[in-house]
Amino acid sequence: MNIVVCVKQVPDTATERKLRSEDKTLDRDAADGVVNELDEYAVEEALRLKEAHGGEVTVLSMGPAKATETIRKALAMGADKAVHLHDDALHGSDALGTSYAVSQALKKIGFDLVILGSESTDARTGMLAAMLAERLGAPQLTLASKVEIEGTAIRVERITDYGYDKVEASLPAVVSVVEKINEPRYPSFKGIMAAKKKPVETLGIADADIAADQVGLANSWSEVVDFAAAPPRAAGTVIKDEGDGGARAAEFLASKKFI
Amino acid sequence: MTVERLLPGQDARDLIELTREIADKELARRADEHERAETYPEGLFATLGSAGLLGLPYPEEYGGSGQPYEVYLQVIEELAARWAAVAVAVSVHTLACFPLAAYGTAEQRERWLPDMLAGRLIGGYSLSEPQAGSDAAALACKAEKTEGGYRITGTKAWITHGGRADFYALFARTGPGPRGVSCFLAPGAAEGLTFGRPEEKMGLHAIPTTTAHWDGALIEADRLVGAEGQGLSIAFGALDSGRLGIAACATGLAQAALDEAVAYAKERETFGKKIIDHQGLGFLLADMAAGVDAARATYIDAARRRDAGLPYSRQASVAKLVATDTAMRVTTDAVQVFGGYGYTREFRVERYMREAKIMQIFEGTNQIQRLVISRHLAR
Ligand SMILES: Cc1cc2nc3c(=O)[nH]c(=O)nc-3n(C[C@H](O)[C@H](O)[C@H](O)COP(=O)(O)OP(=O)(O)OC[C@H]3O[C@@H](n4cnc5c(N)ncnc54)[C@H](O)[C@@H]3O)c2cc1C
Ligand SMILES: Cc1cc2nc3c(=O)[nH]c(=O)nc-3n(C[C@H](O)[C@H](O)[C@H](O)COP(=O)(O)OP(=O)(O)OC[C@H]3O[C@@H](n4cnc5c(N)ncnc54)[C@H](O)[C@@H]3O)c2cc1C
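As they're listed, the protein sequences go chains E and X.
Quick note: the first sequence uses UniProt numbering, first residue 1, plus one each step.
Quick note: the second sequence uses UniProt numbering, first residue 1, plus one each step.
Worth flagging that the hints you see were computed from the coordinates, not collected in a lab.
For clarity, every value in this text was computed on a predicted model and none was experimentally measured.
Glycine included, each C-beta is placed from N, C-alpha and C at the ideal position.
Just so you know, not all the hints are guaranteed correct.
[Stated by the list, open to error] In silico BS3-like cross-links for lysine-lysine, where the CA-CA straight-line distance does not exceed 30 Å:
(1) K197(E) / K25(X)
(2) K240(E) / K266(X)
(3) K50(E) / K25(X)
(4) K190(E) / K25(X)
(5) K108(E) / K146(E)
(6) K274(X) / K198(E)
(7) K274(X) / K240(E)
(8) K81(E) / K25(X)
(9) K146(E) / K25(X)
(10) K50(E) / K190(E)
(11) K50(E) / K24(E)
(12) K25(X) / K180(E)
(13) K198(E) / K257(E)
(14) K196(E) / K274(X)
(15) K18(E) / K25(X)
(16) K108(E) / K198(E)
(17) K66(E) / K25(X)
[Stated by the list, open to error] A few chain X residues facing chain E, derived, Cβ under 10 Å:
(18) Q10
(19) D14
(20) I22
(21) E26
(22) S50
(23) A51
(24) G52
(25) L53
(26) L56
(27) E60
(28) Q67
[As the list claims (entries may be wrong)] Ranges of calculated distance between the beta carbons of each label pair, as one might list FRET restraints:
(29) R17(E) / E60(X): 38 to 48 Å
(30) T2(X) / R233(E): 50 to 60 Å
(31) T237(E) / P68(X): 49 to 59 Å
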């Protein structure tokens, strides 16, 4: 089975994240780049499926030059090879542009199963899996907390507000995962060393048959018009218990309509 | 504070980075709770094993990573800075692999080493007895040759990971005198082998230390490591390396205590200023920092000699002595920096001080290290 995992490099949520004033895109140089957390679960699931059913796991990431660090991390966990979609023309693509570019790369690579995280920690649109499925004409199985494959059938448990749905489709398919699905492994030291020798193919837009007028900041359907820093948090209310602490805490919660 | 390390290459830098990630997520977050509740960290050694941290200094052909001691010990130091008990157990596991790796036959190594180095089999080291600690040659546990193997009878003491480990590097008597001790790779689940209740220790609460009672248990002949009678020289050879592991543990512990003390001294104010700005206290912190740096330099120097194939027994003893005495002083001073708060279990420095004490005692007390060093000088 040929599994492709889409992995995004995102700024570390533990560091301060900023937008660039020139073009209102994320300043990816200002913060450490890390693997989007849910994508580690996606890689883990791909590795488990490979361990159970055989095949090959390819990592696909669209991003700037330094996204190679993220690619190496996924390779160190055990993926077999990687494709880095990297072209200045892709900078500033919105979700539509990104899904178009990634889908073109996926057509080039070929796949039985595409696995994504259900959401990134930076842009957080959560739309990529659905958009990719549409563009690839493949069934979409999103928010999976469990994946089973039998022959060409794929069954997932899809989490909902009230429990989960059982969804079935046939391969090739696009799946997005939630963190409930597994516990991602750490890369091993040997895995890290082996990853240095694994093949990483870099594709520019021409290599992946991506039309320049469909991607990039200038061709985005959505535009960031303005942005402002989140207001600093106001100081909390301290209730000192002088015998009536419980009642006053309840009053406060009631005034905020929590109770 | 992250220690800036001089490492021999990119692979070593990657290894330290991986170690820090795992140590931050798996050790630092769990240490307080397990040390307080005295509970074993289930699953942790499997995680360390699959990340490749349990066979670092052994050859790649048996599943190790072929890392020099200089690098392996810095991994131990990083682990110890998050959780001393776990770092000690990793060091002891590595020590327990030594007899087989250095003296085992090709057949024995192929059979057991890969599982040991991958951490699928966790090891303990069983030399000490109730009546034979510093004077290891006085050990009395018997190994009698019988058909198909050896019958083991006697009591061993102070086994780190006792009752939990999958195998033990066991030293028992096959004949009289110092040349009458032999080394065995004993399975942890042998019939006729039972373990005592975990000792109620001052520190290192998460990892049990127990006695082992051998009641005529049979160990197969092919589990004899090295020749009959070679046991003590194997044991002491292993301890030269093991002492370096303890020196690294002590350095990591001292580093953690220093970090906590410095952070606190930058926050706490008396007489209208931060306590670090009182020269009397700033100098105490300076002496602590000097001690930690010196301990690190000393063990790394000994490790480099080992890696270069030079004799290093004396230097290993110096490193163990310097690093563990430093850890005792630095952790005691860290409690001092915290004042009254340092004496409570609210703050980690109290635990660090208790943990430092054992480092001066096991794998040869610091009196025994001085004995080793002075004997080298008298040669
Ligand atoms: C702060 C910010 C706000 C943005 N707001 C918008 C907006 O409102 N509308 C809009 O159209 N675009 C927006 N964008 C652009 C958006 O980042 C890109 O379109 C993005 O690549 C796809 O969206 P996502 O990260 O939200 O994907 P999500 O759908 O949240 O991510 C799901 C999964 O898709 C995969 N994936 C995502 N990106 C990549 C990639 N580059 N390479 C490989 N796999 C990937 C990963 O598996 C990820 O877990 C914004 C970007 C930023 C930084
Ligand atoms: C938590 C813990 C974990 C341990 N783990 C292990 C383990 O995994 N495997 C193992 O085999 N052992 C282990 N030990 C045992 C440890 O190595 C011994 O306790 C240590 O070697 C000292 O032996 P002893 O306790 O018998 O003290 P003794 O040998 O009785 O020494 C008592 C005192 O006399 C001093 N002394 C003894 N002889 C001399 C001398 N010639 N000159 C000057 N002073 C001397 C000692 O320094 C010490 O201060 C562990 C011990 C502890 C507490």
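Quick rundown of the hints versus the structure:
| no. | hint | in the structure |
| --- | --- | --- |
| 1 | K197(E) / K25(X) | holds (28 Å) |
| 2 | K240(E) / K266(X) | holds (29 Å) |
| 3 | K50(E) / K25(X) | holds (27 Å) |
| 4 | K190(E) / K25(X) | holds (20 Å) |
| 5 | K108(E) / K146(E) | holds (28 Å) |
| 6 | K274(X) / K198(E) | violated (52 Å) |
| 7 | K274(X) / K240(E) | holds (29 Å) |
| 8 | K81(E) / K25(X) | holds (27 Å) |
| 9 | K146(E) / K25(X) | holds (25 Å) |
| 10 | K50(E) / K190(E) | holds (19 Å) |
| 11 | K50(E) / K24(E) | violated (40 Å) |
| 12 | K25(X) / K180(E) | holds (18 Å) |
| 13 | K198(E) / K257(E) | violated (56 Å) |
| 14 | K196(E) / K274(X) | violated (47 Å) |
| 15 | K18(E) / K25(X) | holds (26 Å) |
| 16 | K108(E) / K198(E) | holds (19 Å) |
| 17 | K66(E) / K25(X) | holds (25 Å) |
| 18 | Q10 | holds (8 Å) |
| 19 | D14 | holds (5 Å) |
| 20 | I22 | holds (6 Å) |
| 21 | E26 | holds (8 Å) |
| 22 | S50 | holds (6 Å) |
| 23 | A51 | holds (5 Å) |
| 24 | G52 | holds (4 Å) |
| 25 | L53 | holds (7 Å) |
| 26 | L56 | holds (8 Å) |
| 27 | E60 | holds (9 Å) |
| 28 | Q67 | holds (8 Å) |
| 29 | R17(E) / E60(X): 38 to 48 Å | holds (41 Å) |
| 30 | T2(X) / R233(E): 50 to 60 Å | violated (29 Å) |
| 31 | T237(E) / P68(X): 49 to 59 Å | holds (58 Å) |
Going down the numbered hints, you'll see the structure goes against 6, 11, 13, 14, 30, while the others check out.
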